[in-house]
Every structure is written in structure tokens, then in C-alpha cells.
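When we follow my numbering, the leftmost residue of the sequence shown carries the number 3, and every step to the right adds one.
It is worth saying that the hints were derived from the structure and are not from the lab. Keep in mind that the hints are not guaranteed to be accurate.
Stated by the list, open to error - What follows is a set of in silico ranges between Cβ atoms, one per label pair, in the way DEER data are often shown:
no., residue 1, residue 2, range
1, Pro114, Arg165, 19 to 29 Å
2, Gly53, Leu104, 39 to 49 Å
3, Glu138, Ala91, 21 to 31 Å
4, Glu90, Leu153, 33 to 43 Å
5, Ile139, Gly53, 35 to 45 Å
Note that the Cβ used here is the ideal one computed from N, Cα and C, for glycine as well.
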Amino acid sequence: GELTFLVALALADAGARFGVVPALKWPNDLLVGGAKLAGILLEAEHDAEAGTACVVAGTGLNIAHHPPPGRYPTTSLAASGASDATVEALLSAYLETLGFWLDRWDAEGFAPVRRAWLERAAGLGGPIRVRLPREEIDGIFGGLDDDGTLLLTLPGGAVRPVRSGEVFFSERR
3 GELTFLVALA
13 LADAGARFGV
23 VPALKWPNDL
33 LVGGAKLAGI
43 LLEAEHDAEA
53 GTACVVAGTG
63 LNIAHHPPPG
73 RYPTTSLAAS
83 GASDATVEAL
93 LSAYLETLGF
103 WLDRWDAEGF
113 APVRRAWLER
123 AAGLGGPIRV
133 RLPREEIDGI
143 FGGLDDDGTL
153 LLTLPGGAVR
163 PVRSGEVFFS
173 ERR
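Please put together the full structure from these sequences, using the hints given.
Listed below in C-alpha cells is the structure:
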């Protein structure tokens, strides 16, 4: 799960090289002006018999175009002012920033990744709704715990950890 945050930081840093500084939406989206710029999906494979393991980081980043808004607004780097961004240039920037964050995570653990992610977190300290498989919960986005679990402060002050779910900001309810 920590790798999702690392990949998000790398994509955000790559976008920043073209003048677009996205906010990070828990757990796996990048936003510009509240519109979705990118999404991340990680899949892990482990073959105990062969002694191999890998993680595939699937990233969808809208560079020159973006889909029409559906359930939420969308954008692209070009629509956000980065008209000079190309697939090749963005890939080069992303691989460089991904290498930086992987090295830092390997050397220092998740703490610096968590701190950097929180500095760019969309909705931190504000009202959110979390959609879980069997319920929706309203609260305040209180931060992340040490492994990236969302900390949702409920009315009344109790904190509920959320390991997976879909987050909606109050203006989209």
C-alpha cells in the first residue's frame, strides 16, 4: 500500500516539471483544481514456488486530452497549462522522480513519503464522505497513520481508520 503514495508523489513531481502541481487525493488520484488528472492502480504478483515477486504500477495520466466529465470533473496537463508536455518528456520525468522516491523509501522508510504526501493532500482537515462496500461515513479527513491508512474523524471526535474506500469531498455530495 505504501507504494501507491510513492507513485502518486512521483507523478505529481513529474507534472510539476511542466508547471502543473497536482493535489493528491487518497488513496490513488491526482487532482488539479478539483478535477481528476491521473489515477493509480497497483497490482502485486508473488510466486512462492519460483521465489519471485513484483508490483505493477498502472498509471493513467491525461496529458494532451481528457475524457468528458462523468461522475467527477476531469482535466489534462495541456488543459491545465502544460501545453509542452509530451508522452516522451513526461515518461522521462516520471521515471526520474519515481527513482528518487523509490531510493528515498528504500533508505528512509515510509515516513518521508507520508510527510510529502500529506503536504500535497487534497481535502486534508476538511469534510469528506467515505464510501465503503456496505456504508458511507461522513467525517473530517484527519490525516494518515504510519502505513497510509486514512484517519477519519467522526462527529463526536472518535477516529475511524479506513484502509480502503472511495473519498468524496463535501462540494461533490
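Query raised in the report: Would you say the C-beta atoms of Ile139 and Gly53 sit inside 35 to 45 Å of each other?
Result: With Cβ atoms ~41 Å apart, the hint holds.
Query raised in the report: If you check the beta carbons of Glu138 and Ala91, does the distance land in 21 to 31 Å?
Result: Violated: the Cβ-Cβ distance is about 40 Å, outside 21 to 31 Å.
Requested in this report: Determine whether the Cβ-Cβ distance between Gly53 and Leu104 falls within the hinted range of 39 to 49 Å.
Outcome: Violated: the Cβ-Cβ distance is about 21 Å, outside 39 to 49 Å.
Query raised in the report: Lying within 33 to 43 Å: is that true of the beta-carbon distance Glu90 to Leu153?
Result: holds (39 Å)
Query raised in the report: Does the Cβ pair Pro114, Arg165 satisfy 19 to 29 Å?
Result: Given about 22 Å between the Cβ atoms, the range holds.
The structure fails hints 2 and 3 (numbered hints given earlier, in ascending order).
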